[in-house]
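Enquirer: Turn these sequences into a full structure, and let the hints steer you where they fit.
From first to last, the protein sequence lines stand for chains G and W. Sequential numbering from 103 applies to the first sequence in the numbering used here. Sequential numbering from 106 applies to the second sequence in the numbering used here.
Hints may contain errors.
[To be verified] Across the chosen pairs, the derived CB separations fall in these ranges: (1) G/ARG104 <-> W/ILE180: 25 to 31 Å; (2) W/LEU264 <-> G/ARG104: 49 to 55 Å; (3) W/GLN137 <-> G/MET103: 40 to 46 Å; (4) W/TRP283 <-> G/ARG104: 58 to 64 Å; (5) G/ALA114 <-> W/THR157: 19 to 25 Å.
[Unchecked claim] Not close to chain G: a few residues of chain W, all C-beta gaps over 12 Å, as computed: (6) ASP141; (7) VAL165; (8) LYS195; (9) LEU307; (10) GLY311.
[Said to hold, decoys possible] Coverage of chain W stretches by chain G, computed from C-beta distances (three or more under 8 Å per stretch; other residues unrestricted): (11) 150-164; (12) 177-188; (13) 238-250.
Keep in mind that the hints were calculated from the coordinates and are not lab data. This one's a predicted model, so the numbers in the text were calculated from it and none came from an experiment. In this text, a Cβ means the ideal position worked out from N, Cα and C, and glycines have one as well.
Next come the chains, spelled out residue by residue.
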Amino acid sequence: MRGVRVMFILYAVGIAAGLAYAIVVGIQGY
Amino acid sequence: MRRALRANGLSIAFGLLFLGSLVGQAISGHNQVNHDQLLHQGDPIGLWHYVTSAMFWADVMENWQSEYLQFSLYIFATVFLIQKGSNESKEPGRVGRESDEQQQIGEHAVRNSPRWARVGGLRTALYSNSLLLVMTSIWLASWLAQSITGRIGYNAEQLDHQASPVSWPTYVTTSDFWNRTLQNWQSEFLAVGSMVILSVYLRQRGSPESKPVGAPHAETASEG
Numbered sequence: 103m104r105g106v107r108v109m110f111i112l113y114a115v116g117i118a119a120g121l122a123y124a125i126v127v128g129i130q131g132y
Numbered sequence: 106m107r108r109a110l111r112a113n114g115l116s117i118a119f120g121l122l123f124l125g126s127l128v129g130q131a132i133s134g135h136n137q138v139n140h141d142q143l144l145h146q147g148d149p150i151g152l153w154h155y156v157t158s159a160m161f162w163a164d165v166m167e168n169w170q171s172e173y174l175q176f177s178l179y180i181f182a183t184v185f186l187i188q189k190g191s192n193e194s195k196e197p198g199r200v201g202r203e204s205d206e207q208q209q210i211g212e213h214a215v216r217n218s219p220r221w222a223r224v225g226g227l228r229t230a231l232y233s234n235s236l237l238l239v240m241t242s243i244w245l246a247s248w249l250a251q252s253i254t255g256r257i258g259y260n261a262e263q264l265d266h267q268a269s270p271v272s273w274p275t276y277v278t279t280s281d282f283w284n285r286t287l288q289n290w291q292s293e294f295l296a297v298g299s300m301v302i303l304s305v306y307l308r309q310r311g312s313p314e315s316k317p318v319g320a321p322h323a324e325t326a327s328e329g
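Expert: Here it is in structure tokens:
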């Protein structure tokens, strides 16, 4: 299950980073 | 290593497809923006500038939100609604949230059940809805991000045409925002509805998204 956990974390971190970055870019008005 | 790759084939394949498409979107979107700049006697922008712009992220978020809405609604709707004959649906007799025994919660937990399924109380209540909660949160966050980034592009267009920029509360009432939103929703809902009803009569041998090839049309909730 270690590989499965790694994939879960990769998805979670990737999605959170994408959402956070988009919100920051939008707020900064680039 | 090879075993780990095989055990995660689906998430790896779709992760790579996602990254490849995102790169393709960045390159084609960048070309399109620079083509537009040329037509309007503007200066071309660099690829990095484009992928860190609100323009690019508005397009990304617009599609994310509709996908996460689709899955959130689907997870929720399939608790309470059924489709006779579809393997995307559960059996007609199991409508609703089902018993603790069926869901292996609390005293009905099995040896390897997750701890939060076993402990009861708030933690089990939370864990019992965690998939829907997280998918819905991602939907709402990406829809919010779409509105924040979409406003930047909308205002740039307004300023280009000597019109006033709009505030965020005004932007979420514009036809630009709702057109971008609904054009994505309509396709998601159609695809889900199609999947539900086509899987009654059509098959894909070997896929858990389909019934077994020989399963009767009237059989609901079977996997092949």
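Enquirer: Say whether it holds or is violated: W/LEU307 keeps its Cβ farther than 12 Å from all Cβ of chain G.
Expert: 30 Å, holds
Enquirer: Would you say W/LYS195 is clear of chain G, with no C-beta pair closer than or equal to 12 Å?
Expert: 25 Å, holds
Enquirer: Count the residues of the segment 238-250 of chain W with a beta-carbon closer than 8 Å to any beta-carbon of chain G: does the count reach three?
Expert: holds (count 5)
Enquirer: W/GLN137 and G/MET103, beta-carbon distance inside 40 to 46 Å?
Expert: 43 Å, holds
Enquirer: For G/ALA114 and W/THR157, compare the CB-CB distance with the range 19 to 25 Å and indicate the outcome.
Expert: 23 Å, holds
Enquirer: G/ARG104 and W/ILE180, beta-carbon distance inside 25 to 31 Å?
Expert: Since the Cβ atoms of G/ARG104 and W/ILE180 sit about 27 Å apart, the hinted range of 25 to 31 Å holds.
Enquirer: Regarding the assertion that W/VAL165 does not contact chain G, is the least Cβ-Cβ distance greater than 12 Å?
Expert: 7 Å, violated
Enquirer: Can you confirm whether chain G covers the segment 177-188 of chain W, using C-beta to C-beta distances below 8 Å and requiring at least three such residues?
Expert: violated (count 0)
Enquirer: Grab the minimum beta-carbon distance between W/GLY311 and chain G and tell me whether it stays above 12 Å.
Expert: Label holds. Min Cβ-Cβ 22 Å, cutoff 12 Å.
Enquirer: Taking the beta carbons of W/TRP283 and G/ARG104, is their distance inside 58 to 64 Å?
Expert: 45 Å, violated
Enquirer: According to a criterion of three or more residues whose C-beta lies within less than 8 Å of a C-beta of chain G, is the segment 150-164 of chain W covered?
Expert: holds (count 5)
Enquirer: Find the nearest Cβ of chain G to the Cβ of W/ASP141 and say whether that gap is larger than 12 Å.
Expert: Holds: least Cβ distance 17 Å, greater than 12 Å.
When each numbered hint is compared with the structure, violations occur for hints 4, 7 and 12.
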